[in-house]
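> Protein chains in written order, with my numbering: chain A, 1 to 112; chain B, 1 to 115.
One or more hints might be untrue.
Only part of the chain B face toward chain A is listed, based on derived beta-carbon distances under 7 Å [said to hold, decoys possible]: (1) 41; (2) 103; (3) 106; (4) 108.
It is worth saying that the hints were derived from the structure and are not from the lab. By construction, the Cβ of each residue, glycine as well, lies at the ideal position given by its N, Cα and C atoms.
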Amino acid sequence: GENVEQHPSTLSVQEGDSAVIKCTYSDSASNYFPWYKQELGKRPQLIIDIRSNVGEKKDQRIAVTLNKTAKHFSLHITETQPEDSAVYFCAAPRGSARQLTFGSGTQLTVLP
Amino acid sequence: EAGVAQSPRYKIIEKRQSVAFWCNPISGHATLYWYQQILGQGPKLLIQFQNNGVVDDSQLPKDRFSAERLKGVDSTLKIQPAKLEDSAVYLCASSSVQGGRETQYFGPGTRLLVL
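Start from the sequences and build out the full structure, keeping to the hints where you can.
See below:
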């Protein structure tokens, strides 16, 4: 099955700085890597995803990079704002299947 | 588009009692998932349905958990009897496939506390 590891578990940055969260996966057949943001007491919401045929994807202040050889992918948030404070989860499917295995989460705190 | 609906939002029960959760997916979504999210952890898949059939229930503790999606729309998840370690948020998600890419949409969850 798929094993997803996520680091760091907590991350504090000053407003305006960048934040980077990293994940590794084990199943080389995995082809889709979503990132979810979960605010306290709320549902996880998809913020960006990347397919295995591209190495990087950007959406405004958020970007995700993928290194298939090393089996790791990262979330980059630039110009962080207090509203970026939340728990971020990476996920990877079990090979070509659609079931997602989630990482353990990163609590991001953006300090004003 | 209306989102995934779940009820109840909160439930407190004593151990060995039974509890049931309900999920209404986004209209037209054939795939439905139930996840368990323990505090401080990521969601863990319990069961996946495709229409009214089970695709994967390998991580469902079948001695106490059961789930059904009889008409391929709404789904219920039941725990009988509950244990202290079942305290968690139970998330339902449904998914659509567009351009070969599947996106899962989560409901607000049911927060269960077992005393």
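> Does each hint fit the structure? Answer for all of them.
Now the hints, each set against the structure:
1. Among the interface hints, the one on residue 41/B holds; its C-beta lies about 6 Å from the nearest C-beta in chain A, closer than the 7 Å criterion.
2. Here the hint on residue 103/B is kept, as its CB sits about 6 Å from the closest CB of chain A, short of 7 Å.
3. Checking residue 106/B against chain A: minimum C-beta separation of about 4 Å stays under 7 Å; hint holds.
4. With a least beta-carbon distance of about 5 Å to chain A, the hint placing residue 108/B at the interface is held under the 7 Å criterion.
Violated hints for the displayed structure: none, as all numbered hints are satisfied.
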